[in-house]
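Q: Could you put the whole structure together from the sequences, leaning on the hints where they help?
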Amino acid sequence: MHEMALMEEIVQLIEQDARIKKVKYVKKVELIVGTLSNALPDALQFAFDVYKVQENNCLTTDAELIIHVEKAKAICTICGQQYEPVTKIAQCPTCLLPSGRMVAGETFRILAYEGG
Amino acid sequence: MKITLEVDVLTNNNRAAAFNRQLFEETNTLVINIMSSPGAGKTTILEKTIEALANEYKIGVIEGDLATEKDAERIRTLGAQAVQINTHGGCHLDARMIAAVLPQFDFQHLDILFIENVGNLVCPSGYDLGQQHKVAVLSVPEGNDKIPKYPTMFMRTELVLLNKVDLLPYLDFDVEQAKKDLSYIHPQSKLIPLSAKTGEGMDEWLHWIREGVARCKKQSISQ
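Just so you know, the sequences run in chain order A and B. Anchor point for the first sequence: position 68 equals 77 in the numbering used here, and the numbering is continuous, going up by one each time. Anchor point for the second sequence: position 36 equals 154 in the numbering used here, and the numbering is continuous, going up by one each time.
Hints are computed from structural coordinates only; laboratory data are not their basis. No experiment lies behind these values; they were computed from the predicted model shown. Please note that the accuracy of each hint is not assured.
[To be verified] Taking lysine-lysine pairs in the DSS-like style, the calculated list, with each CA pair at most 25 Å apart, reads: (1) A:Lys36 / B:Lys120; (2) A:Lys31 / A:Lys61; (3) A:Lys61 / A:Lys36; (4) A:Lys61 / B:Lys120; (5) A:Lys97 / B:Lys308.
[Claimed, not checked] From the derived model, a few chain B residues whose C-beta atoms are all more than 10 Å from chain A: (6) Leu141; (7) Glu187; (8) Glu191; (9) Gly208; (10) Pro269; (11) Ser338.
From the three backbone atoms N, C-alpha and C, an ideal C-beta is built for every residue, glycine too.
A: Shown next, in the form of structure tokens:
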């Protein structure tokens, strides 16, 4: 359940920024999470809900988490085929080799937050 | 008010990792982040490694565990400096935890720093600590399926120490299959079968470390 630790990173980054911009409360957080980023959306939502009820951060109890899922995409370095790998070992469906270069799906970023 | 951030979630970690890396490079210290599941034998391998290299190099160790000073105490009895980090529930070490204890080491006189990560095959692989090398320890009793089942760990480590090979006659571990699985997941990675208990295979691991130290020192000459 490293999503707890990852959510702690997210809350910290937002707090740092909120302090600079004098934002007192946060009502919405938007993330982009790749399907192969090693972070599970459900577990992130659970962690977010845990941090919401803690009093020592700027997330309000009614804060909302929006996760934009980025689908995995790989390009085979041998035949050039584009495909959606299901694991990090990007096995090309044509060459049957783990010859895919991952071009999407590993992103894990905070896009934006909303507050006042 | 909507505020666009567009930052990587691990930004703070990666910033600390860059700070650590710069210190390691400036002081020509070889830093190795060792990861495995609990009980694979990381601490025993470190004990034997320190015993073998104590006359050649000045060695420091950062021990990561949820609780206790037990591992650091084991290392200190060998005369090496060991600093324990307790994560109190955290499943991995992060770069800020490392940065916080670095002032306790005298880097001008240190050749090698081993970081023994928290025993866990999942989370530690996601955090850059600033090290030059990541090593995974896998042990024969854990079974043959760990490499395909925990691909992220084995994709991000360049060397796998297959420990406890003295138990191979009693267990169904297939070393060739493990090598095959590793070469499929990470063709540039290397597997060294060894037993920290009997000393078998330790020479190859020690040779790998000596090469690493030599590379670090060479960089300092060319600078």
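Q: Are the hints correct? Go through all of them and say.
A: Status of the hints after comparison with the structure:
1. A:Lys36 / B:Lys120: Within the cut-off at roughly 10 Å; holds.
2. A:Lys31 / A:Lys61: 19 Å, holds
3. A:Lys61 / A:Lys36: Holds: Lys61 of chain A and Lys36 of chain A sit about 10 Å apart, inside 25 Å.
4. A:Lys61 / B:Lys120: 19 Å, holds
5. A:Lys97 / B:Lys308: Holds, because 19 Å separates the two Cα atoms, which is no more than 25 Å.
6. Leu141: 22 Å, holds
7. Glu187: 23 Å, holds
8. Glu191: 27 Å, holds
9. Gly208: Given a closest Cβ separation of 6 Å, the condition is violated.
10. Pro269: It is violated; Pro269 of chain B is separated from chain A by about 6 Å at its closest Cβ, not greater than 10 Å.
11. Ser338: For Ser338 of chain B, whose nearest Cβ neighbour in chain A is about 34 Å away, the distance exceeds 10 Å, so it holds.
The structure shown violates the earlier hints numbered 9, 10.
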